[in-house]
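If you read the sequences in order, they're chains A, B, C and D.
Residue numbering for the first sequence is 65 to 408, as defined by our numbering.
Residue numbering for the second sequence is 65 to 408, as defined by our numbering.
Residue numbering for the third sequence is 746 to 1094, as defined by our numbering.
Residue numbering for the fourth sequence is 746 to 1094, as defined by our numbering.
Some hints here could point you the wrong way.
Have a look at the derived ranges for each label pair, beta carbon to beta carbon [as the list claims (entries may be wrong)]:
#1 D:K1022 <-> B:D266: 49 to 55 angstroms
#2 B:Q307 <-> D:D1075: 33 to 39 angstroms
#3 B:Q307 <-> A:Q407: 45 to 51 angstroms
#4 B:D103 <-> C:G988: 50 to 56 angstroms
#5 D:D1075 <-> A:E282: 34 to 40 angstroms
#6 A:A396 <-> C:D982: 56 to 62 angstroms
#7 B:D103 <-> C:E1021: 34 to 40 angstroms
#8 C:G988 <-> B:S82: 47 to 53 angstroms
#9 D:P1066 <-> B:P273: 46 to 52 angstroms
#10 A:E268 <-> B:Y408: 47 to 53 angstroms
#11 C:D982 <-> D:T1014: 42 to 48 angstroms
#12 C:K949 <-> D:Q1061: 53 to 59 angstroms
What the hints contain is simulated information worked out from the structure, not anything from laboratory work.
By construction, the Cβ of each residue, glycine as well, lies at the ideal position given by its N, Cα and C atoms.
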Amino acid sequence: MVYWRTRPGLSSSGTEGSMAEVTYLEAIRQGIEEEMARDERVFLIGEDVGAYGGAFKVTEGLQKRFGEDRVIDTPIAETAIVGAAAGAAHMGLRPVAEMQFIDFMSCAYSFLTNYVATARYRANLKTPMVVRGPSGGYVRGGPFHSQNPEAAYLHTPGFKIVCPATARDAKGLIKSAIRDDDPVLYFEHKYLYRRIKEQLPDDEEVLTPIGKAHVAREGKHLSIITYSAMLHKSLEAAAQLEQDDGLSIEVVDLRTLLPMDDAAIIATVKKTNRVLVVHEDTRTGGIAGEIMARINESCFEWLDAPVKRVAAHDVPLPYAPSLEDFVLPQTADIVAACRWLAQY
Amino acid sequence: MVYWRTRPGLSSSGTEGSMAEVTYLEAIRQGIEEEMARDERVFLIGEDVGAYGGAFKVTEGLQKRFGEDRVIDTPIAETAIVGAAAGAAHMGLRPVAEMQFIDFMSCAYSFLTNYVATARYRANLKTPMVVRGPSGGYVRGGPFHSQNPEAAYLHTPGFKIVCPATARDAKGLIKSAIRDDDPVLYFEHKYLYRRIKEQLPDDEEVLTPIGKAHVAREGKHLSIITYSAMLHKSLEAAAQLEQDDGLSIEVVDLRTLLPMDDAAIIATVKKTNRVLVVHEDTRTGGIAGEIMARINESCFEWLDAPVKRVAAHDVPLPYAPSLEDFVLPQTADIVAACRWLAQY
Amino acid sequence: MPSATATASSPLPTGLTRSQLHDLYYYMRLTRTLEERLTNLYRQTKVIGGLFRSLGQEADSVGSAYALDRKQGDILSPLIRNLGSMLVQGARPVEVLRQYMAKAESPTRGRELNIHFNDLERGFIGQISHLGDMVPVMAGITLSFKMRKQRRVGMVYVGDGAMSTGSFHEGINFAAVQRLPLVVVAENNGYAYSTPFHKQTAVKALVEKAVGYGIPGAQADGNDVLAVYAATKTAVDRARAGGGVSLIELLTYRRKGHAEHDNQSYVSTDELQAWEKKDPIDRYTKQLHDAGWATPADLAAIDARIGQELDAAVGQVESEPMPEGASALDGVLENPPRAELEWYRRLHG
Amino acid sequence: MPSATATASSPLPTGLTRSQLHDLYYYMRLTRTLEERLTNLYRQTKVIGGLFRSLGQEADSVGSAYALDRKQGDILSPLIRNLGSMLVQGARPVEVLRQYMAKAESPTRGRELNIHFNDLERGFIGQISHLGDMVPVMAGITLSFKMRKQRRVGMVYVGDGAMSTGSFHEGINFAAVQRLPLVVVAENNGYAYSTPFHKQTAVKALVEKAVGYGIPGAQADGNDVLAVYAATKTAVDRARAGGGVSLIELLTYRRKGHAEHDNQSYVSTDELQAWEKKDPIDRYTKQLHDAGWATPADLAAIDARIGQELDAAVGQVESEPMPEGASALDGVLENPPRAELEWYRRLHG
Ligand SMILES: Cc1ncc(C[n+]2csc(CCOP(=O)(O)OP(=O)(O)O)c2C)c(N)n1
Ligand SMILES: Cc1ncc(C[n+]2csc(CCOP(=O)(O)OP(=O)(O)O)c2C)c(N)n1
Ligand SMILES: [Mg+2]
Ligand SMILES: [Mg+2]
């Protein structure tokens, strides 16, 4: 991997050290690679992750560097993948299991929710493992290559769930996830893989704490609470609303869904008193419900308007561009919802 | 099966026809049996459902009456069970698949959410099938024999989900589920199986419409929205609060979770302006979040207090009685929460 | 060449007519040419989603599907590389083109990708992406045949990769116990995406897996369409006669990458070249010529017919419209919940 | 009786000492007596949850577990009917009693039922209820052995029923491909709950399933503890030597219902009586006596010791307290989310 290095002084973040422009995908790979180099207990397991480097090439080059023992190609068997990861994790190793598309994680749903999530609680077994893979739509992938499975796991106590939206967090969270002593579900967004780039320090460790949200944009009239790819549409909407309507929108990137950063949610609600929750996943039973419930429970008095949600329509995601665009949340939907809320 | 028949005139519901006292479990069996007699396309499939009559004896006697072809014992393979049901349903049959404990439904999670739920939408395939089985706790069953999986399926468009709380609805909803042209997940509560009894008409068809909630108790100060076994604890709490505090509590039994009866929810919110959602499942990511989100979206202005939820703590369910009692919602929790809301 | 003649003449006792022999050629050639057209469209970015080729595997799809009896209502469940099987069952190129180009009139109305579409009347049911899941579905479909005492047969394809899934195992085991009229066609094409056979399973041949389910297994050269037909026909006949499930392993090779984007870096040129020489269409062409079952002119006429058919189909489909956005909302349930539709209208109105 | 002597003497070359032969008796008897005590407690409603007996299968559990090497750190994964295996690995009756009576000091602190508990140091890991799932787990555990080049072996039990699950299939296939040091013990006890063998699978014997995974298989009389030991030991030795996965089928019979509540209405008395005659403890007692490896007094002393041990254990555990309700909240994650704990306090404070 060769990263384009910025000249010193050109770095956007203003830090002194050397920086490199890194895509979201490269950031994940860097994070994994650094952890593998740092800790020989870390290994990768999944379909086509070795010589091929994974369907999206996230693990490209890692088998060459770390050997076949630490980058294991498996049969098509998601339960075997997470099962082997769990067993190895009990023994002190730190597996990172790839789901080729996150849609196939459902095949390991029973094992993950029943075995992995409960292991510490019921049996005092440590299971420091990461399950990661490409989630998300906007790529014409259809109903089985576009899913956002976070809601299916939010419901089971025992997981940590992270959904990075930026290259920096992609790197910082995969590293924290690998170091975490509990099972972490790490949902990458395939639309972001090669579409976003960021200057990341070359010589400084990027670690994003699990469980901490991030205020991606400060504002005072209204808060958008979101995560993953929707962060970018939300920021776009916020910029547009500032320009066109003079609205100052705060955008909170949750980054971690479990444990949820209640403090950050409460803080933004108390600051702006109007909230829009935005997620890409379908509406009914999605994450927004839980966020809205918590807001309602913990700072109902601070609300000047109902909390609203922008989410995908309740259908399996079609692949035809016209249909996918209609079903998934678009910037215009966020703008419209914000205007509605601001006028409430 | 022999049911104890009440003398005419003793019937609690006051209808003229002959009545019989029927447990929740017998009501399910009656419903299935009537539909099998009525429609030869209906068949049962599951582990030990035949000669043995199922782990809880819900299907007892049915293989004897309808033959091995219509009551099929399977290997231990939940995906094969629901898969065979789906394939047969496409061909015009009407399978009723039993999960021995609903906890094992997770083994078919991928097939159900990806194949079954999407079949009509993506492929115009009809899949009139029912997946049913014993859910719920309060029986010292531990983490793998007490689950309430509704939240895991609420999130996937394409299912109908029913959770009967009474013997009458148990019968009426299984019959409606079998007649429905879409896949219905029918969650029985094992604690209720033999603990509740009701007078049901012998000579009149009991059909409960899918998608309609039921006001189980009228009230004016506060609404409890609930379903399944929690209906009974909620009614208990309501009675106690009426007696001790003079509070008039409305109790809404959702009966169906998908499609959710928004009209009934809105009606009760507008009537009492204070709402408690009660469910047995764990809090985070549970059904209450969705209900609270909908209330917030559709009748925020009518709320005089935040919507609150009483639910299980966010842990796998322990089997030790002291622990299970602590983790699961109890009548006292509902009473306390109602008092808090009434005073708000 | 005597050897070719010997290979070709042996399956003839199964009773294929000259016109049926031409049919087999037609479907193989149609499959390949249609995929070539799709590749062109893909390069013009007119294809939505990935493009999956069956180059070199046409005999496997066509020969096996041809063993079914369409008049009896047999049903098969193809995978992404079984375009040929679907064409045999009556899927039309225009449908396939519409699917790949996400047109409003496509069989799934723009909802599910590529050849994932159904027609139970014609006898095919589209897969979902989750590998292995069609095995339990076909167990259910053939269970309905058995329950209704119909003499219909089901066929389901599984790759060397898909056989590692739990769904495959649960479905085939259930079907075996129930002695359902099902033929499981195991396509051994050497790879599952980039994963070679020996990293997928420790068996030497997929047919060994039949033993673990107590069902008969057989192996055939998947690049010899008549051998494929003969082996599958035996299994289909057994199923129809009440003999239960069979597993047929077809030995073949995936000559393109997993999909068009995959450059097959993990495959050696030698291997590729060796299999190019075993091309099933070239081989069958030679068989037909050598045995005198078809003249070069016969085959040229078929090729020409296919070319015209596809020219017309591509021309027609290219100009068709995409679906209307709002059409995405209907059809999740038989009776859509009214409240939700109203909400949609409010949001978008 | 010469036949008994012949059966018994043949496995001796595997090198068991007299005291090890007594060990085997001790563990089988301990298993049975402990289960009998549990049955009493169950009838007194002192057991929380179901009670699952291994009556008639003690040889299967004990003989197989005994083939592991505790000093090398071998690990096994028992099922509900493998109490005997856990005792061999060092689980203590007092732990089992605490579990069944949901005591505060039970290994899972009242969280997971009956013998679902672990000690990786002693070498056992508790199952979860979902059948088949421990096969992938043990694949992972033995993968760690392989990666670290340890000479440790894993063993996992599966019933005739559990082998129908997708998890079993995925786990054993992965282990076979990786040549992991794993012994899969397939317990064929004729039933899965009420489901007889022939409704579970179309194979004649579970050992046939080894073929489908490309691994060696062997069968042994599961009611003959020395035969069980010998067959398993061969597989354990093979695994330790780098020979990969083996499947051992143990032929036995479940003489009680699935659990205590099940009256076995689906089983014939003849069948039950036939298997009663093959009782593994009676049979081993006779072997020991006939071969002169133990005197009646030796065995009586063991029985007495077990009786005393269990009297003491039951007495001690019965009076122990149940866990505190609030102790249910901790331990879901390493670092419990603080906000949630505060919420708990508010609700219950
Ligand atoms: C359960 C599941 N896991 C992963 C995938 C991703 N995937 C799609 S095709 C494929 C390889 C399939 O190989 P094989 O079954 O041999 O079929 P072939 O492509 O060779 O025809 C994989 C891994 C999937 N579709 N389903
Ligand atoms: C996936 C799954 N489905 C269903 C069950 C319910 N169940 C518990 S034990 C059992 C029978 C097990 O039979 P077998 O594997 O032969 O073991 P045995 O009881 O005979 O020792 C069943 C069906 C389960 N535990 N897991
Ligand atoms: Mg393949
Ligand atoms: Mg058994």
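Status of the hints after comparison with the structure:
{"no.": "1", "hint": "D:K1022 <-> B:D266: 49 to 55 angstroms", "result": "holds (50 angstroms)"}
{"no.": "2", "hint": "B:Q307 <-> D:D1075: 33 to 39 angstroms", "result": "holds (37 angstroms)"}
{"no.": "3", "hint": "B:Q307 <-> A:Q407: 45 to 51 angstroms", "result": "holds (46 angstroms)"}
{"no.": "4", "hint": "B:D103 <-> C:G988: 50 to 56 angstroms", "result": "violated (31 angstroms)"}
{"no.": "5", "hint": "D:D1075 <-> A:E282: 34 to 40 angstroms", "result": "holds (37 angstroms)"}
{"no.": "6", "hint": "A:A396 <-> C:D982: 56 to 62 angstroms", "result": "holds (60 angstroms)"}
{"no.": "7", "hint": "B:D103 <-> C:E1021: 34 to 40 angstroms", "result": "violated (56 angstroms)"}
{"no.": "8", "hint": "C:G988 <-> B:S82: 47 to 53 angstroms", "result": "holds (51 angstroms)"}
{"no.": "9", "hint": "D:P1066 <-> B:P273: 46 to 52 angstroms", "result": "holds (50 angstroms)"}
{"no.": "10", "hint": "A:E268 <-> B:Y408: 47 to 53 angstroms", "result": "holds (50 angstroms)"}
{"no.": "11", "hint": "C:D982 <-> D:T1014: 42 to 48 angstroms", "result": "holds (44 angstroms)"}
{"no.": "12", "hint": "C:K949 <-> D:Q1061: 53 to 59 angstroms", "result": "holds (56 angstroms)"}
Hint compliance for this structure: hints 4 and 7 are not met, and every other hint is.
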